[in-house]
Amino acid sequence: MATLIPSSDLPARGLRLHGVHKEFAGQTVVDNLNLEIEEGSFVALLGPSGCGKTTTLRMIAGFDTLSSGRISLGSTVLASDHQQLPPELRNMSMVFQSYALWPHMTVADNVGYPLKLKGYKGSDYQRRVREALATVQMEPYAQRRPQDLSGGQRQRVALARCLASEPRVVLLDEPLANLDRHLRASMEDSFRDFHRRTGATFIYVTHDQAEAMALADRIAVMHKGQLVQWDAPEALYQRPQNAWVAGFIGQGSVVRLPLSSSERLLSSAQVQQALAALQNKPSATEEVLIRPQHVELDPAGVPATVTHCVFKGERYQFVLQLQDGQSLQAYHWQGLPTGAQIAITVRQGWRLQEQPAGSTRPTLASVA
Amino acid sequence: MMTDRPSGALAAPATTGRGSGLLLGWCRRNPSATASQQVLLYALLLIILLLSVLPSLRLLWQALQGWQQGLDAPFIRMLRSAATWTALEHSLYTSLLGTALALLLGGLFALILTLTDVRGRSLWVFLFMLPMMIPPQVTALSWLQLSGPASPLLNTLGIAPPLGSPQPLYSAEGVALLLGIQHAPLVFLALRTHLLAIPRELIEAARLSGAHQRRVLWDILLPLCRGGLWTGAAIAFVSCLGNFGIPAMLGIPASYYVLPTLIYQKMASFGADMLSDVASLSVLIGVVALTGVALQNRIQRQQALPLLGMAGRALDFQLGRWRPWTELALALILLLILLLPLLALITSSLVPALGVPLNWHSLTFAAYQEMLSHQGATLRALGNSLLLSTVAALLLMLISLPLAYLLARRQSPLIHWLHAAIDVPYALPGVVLAIACILLFARPLPWLNISLYGSLGIILVAYLARFLAVSLKPVHSSMLQLDPALEEAAQLAGAGLLQRLFSIVLPLLAPSAFAGCLLVFLTAVNELTVSALLWSAGNETLGVLIFNLDESGDAVLASAVAVMIVALVAALMTVLNLLGRYLPQGVIPWQR
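If you read the sequences in order, they're chains A and B.
For what it's worth, the working numbering labels the leading residue of the first sequence as 1, then goes sequentially.
For what it's worth, the working numbering labels the leading residue of the second sequence as 1001, then goes sequentially.
So that you can see chain A by itself, here it is in the shape it has in the complex (with noise of 0.2 Å):
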């Protein structure tokens, strides 16, 4: 276990995980994961399936327990080796991706079920649950049962439920999995809304880049069972820390460039020189990300060839080959025949860090 800061030290609020580690017979799930996350913001947990990011929320509600580790929120410890709150305990909710609404309840017994528990009786108990089926705007629904709604409906109680009991952590296992591309959009509207309005921590779990873009504050990406980034979404996509990373977020080509300066952000120049160097086939080169947004077609750049154009709708997608061989992926508002001899100028690149050795670097295609 690395360099953990005593939790002592740490502002006596919002949800901690320290050297988390998990594993399920002799495999490790998750590994010596630490993560700070802020009281009221929205965080994603996020990477390809099997990369733990489940196991983690889970720990996190009280439903697995930690092979070594620490989970703590303000200053009660949730979860450690060798003690458990329980779930019932810890003052958090989930939605589930399949609702896990109860089927012999009806709507508003669903939603009032966690404020029973809490005490909640009488008109206080009637008016909570009224207002939480308002936010939804499902209040028209309370007696029906589960099984007589749409997907989206089911959902939106689910979210009624939640959020009735005004929980300190909201936990949202792949949400919106189910549902179609419409409805998706309008839940995602429904989550940011709720978040701004109870200031509860939500983290949300997904495999959708763009799902995870655009809902939360920071993101934590996941890759077989390791922290691999935690940072903002644009810093995410602007500045990846390496290959793999480079290649979950957004579009791209990383290419190798010899490179004589140290900055990670280059600019149109170094990067113009670096793709002219190519053909001398130097020795010493490093992994760039190339966004296909910053390839223009400029008669004064460095030729390319294009190998592929497919039309995308707003514009066309070429992958084009550079003079060594490498593919450089890139848009432009007009079709070009495949074989085309083009010259290109690249506005920015950005360093990426090489991996550990050892670690695997999956290619741009294994991720796709």
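Please keep in mind that the hints were generated in silico from the structure rather than gathered at the bench.
Don't take every hint at face value.
[Claimed, not checked] Here are some chain A residues the structure puts well away from chain B; computed CB gaps all over 12 Å:
1. E39
2. M187
3. D193
4. A284
5. I342
[Stated by the list, open to error] Cβ-Cβ distance ranges computed for the label pairs, FRET-style:
6. A1485/B x S123/A: 56 to 62 Å
7. G1120/B x R192/A: 49 to 55 Å
8. D124/A x A1485/B: 52 to 58 Å
9. S1503/B x D193/A: 57 to 63 Å
10. D31/A x T1326/B: 34 to 40 Å
11. S123/A x A1294/B: 44 to 50 Å
12. R1226/B x S123/A: 29 to 35 Å
13. P86/A x S1122/B: 23 to 29 Å
14. P86/A x G1120/B: 21 to 27 Å
15. L1060/B x N178/A: 51 to 57 Å
16. A1510/B x S49/A: 33 to 39 Å
17. P282/A x A1493/B: 54 to 60 Å
18. D124/A x A1331/B: 46 to 52 Å
19. G1120/B x D124/A: 34 to 40 Å
Just so we're clear, the structure is a prediction, and the values are computed from it rather than from any experiment.
C-beta atoms are modelled at their ideal positions from N, C-alpha and C, and glycine is treated no differently.
Since the structure of chain A is provided, determine the placement of chain B on it from the hints.
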């Protein structure tokens, strides 16, 4: 994907159909339903009509005979008889009391073994399921060996009540007690199936809402599996009602008659109107039983709650420091309802005569020697039972395979109705079926001029009718899981119906067909009710033998035979257990 296309192209003409508005409706998937399928269909139809429908109709016909006599018609006379109503009342009393006990025991075991973190779960389940598989007359016999002044076990321990004190089990409550124990596994299975189907998210959502384990049980789990409890209760009630072995061994000595034993008694007293009388009584008990079944189906439909989400082990209730105590309680209950009676049974089989305590001097294997000696009726009964069970199991497997295929692949109201008809002889009490078979086969078969009555043949036909449902169920559920595309692919490759059946369908259904075969064998080898009325000299079965030996006072030999049967049952169950992992879920009743 390319692979989607062929099946889509095939499905299209199937829905527009060939317009085969024949009696048996349209073919769901294979548009090229051919003459060979029709022949197969009509052959199976005939078998079902003969086995499942004809006996009930014959019985009804007999019961309604002489309706012109008005108040003196046999059916009305039976309804006016006080003995009928007493027996019905006894039947209802013992069955309801037995059902209540079964609910208590089965419910408790289902909740503990499905939900909590007790250790050795599969062993507990196996032990708890045993009473269901042990023949009722063996259960009765072993309990009789456990209690009363002559009990060898109590005598060995020196705690037997004084001679002359009554056997407490010869009473209505004794009958109800054993009925409850015998049928508790039915409630256990129904409730357990429901509990296992509850998605874990529903529990987790409640936990996060602030509900602790006990609240989750009361607020979420029990309401969600209410349907399972009612279903289990209804099945247990119908089974209690039809049980013959227990009230025969415990009730008749106390002159306490329930409907099945009343029918048995009337059968023994030959009289002019005997057949009409027993037919009328059979119709009466059949109506009560089928009402129970209908009630169960209705409850199942009404209480069915759609459960979305991943079904899995619902949750592990952490018992904490209560775990050892819970395990101890389970062990004590099993000791009481299973191990002690079996121990008493074994003890009884090892003493020279009842009332003698077991010790090194009195220990004798004489009963076993007699059982296995060649002159005895035991070996013959064993041979008869094994022969009947084997033949029934194999024949039913042969019928079930094509039947399951057609039931799954073709749909029409008639086929739906046939499927329901198959269940009737199994749902009806065994006595009813036995009487129906006697009525059907009392005279030699037309044209063939062979008389089944008084031969093993009549028992075999009754077994085929009764256990078709047992044999069909696993094969049918496997067949439903079989993707039609597998067959369509073979069809596109040029395989005809028979080729498809033999090269694709049969190999995939084989494990469940074998499981069905074993289940039939297991049930048939234990069978008493049907054979008690259909046996004749030289054609007795194991069940009949135990019953007769006990009736004639040879409880020691009866115990030895019973011990052998229990060993046989346990061995067969173990085989099925080992087979379990190759079968679809739910085929083996006590496994998941």
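Each hint tested on the structure:
Distance check for E39/A against chain B: the nearest CB is about 19 Å away, which clears 12 Å, and the non-interface claim stands. The claim that M187/A is not at the interface with chain B holds, since no C-beta of that chain comes within 12 Å of its own (minimum 17 Å). The claim that D193/A is not at the interface with chain B holds, since no C-beta of that chain comes within 12 Å of its own (minimum 22 Å). With a least CB separation of 45 Å from chain B, A284/A remains clear of the 12 Å interface cut-off, as annotated.
Distance check on I342/A: its Cβ is at least 36 Å (rounded) from any Cβ of chain B, clearing the 12 Å threshold; non-interface status holds. Between A1485/B and S123/A the beta carbon distance is about 58 Å. The supplied range of 56 to 62 Å therefore holds. Evaluation of the 49 to 55 Å hint for G1120/B and R192/A yields a pass: the beta carbon distance comes to about 51 Å. Distance hint for D124/A and A1485/B: a CB-CB separation of about 57 Å, consistent with the stated range 52 to 58 Å.
The hint said 57 to 63 Å for the Cβ distance between S1503/B and D193/A, and at roughly 59 Å that hint holds. Under the hint 34 to 40 Å, the C-beta atoms of D31/A and T1326/B, about 37 Å apart, fit the expected range. The beta-carbon spacing between S123/A and A1294/B, approximately 45 Å, falls within the hinted interval of 44 to 50 Å. In this structure the supplied range 29 to 35 Å holds for R1226/B paired with S123/A, their Cβ-Cβ distance being about 30 Å.
Between P86/A and S1122/B the CB atoms are about 28 Å apart, so this pair conforms to the stated range of 23 to 29 Å. At roughly 25 Å, the beta-carbon separation of P86/A and G1120/B lies within the given 21 to 27 Å, and the hint holds. For the pair L1060/B and N178/A, the beta carbons lie near 52 Å from each other, so the given range of 51 to 57 Å is met. Look at A1510/B against S49/A: about 35 Å separates their beta carbons, and that is inside 33 to 39 Å.
Between P282/A and A1493/B, the C-beta spacing of about 57 Å keeps the proposed range 54 to 60 Å intact. Take D124/A and A1331/B: their Cβ atoms lie about 48 Å apart, and the range 46 to 52 Å holds. Our hint of 34 to 40 Å for G1120/B and D124/A is violated, since their Cβ atoms are close to 48 Å apart.
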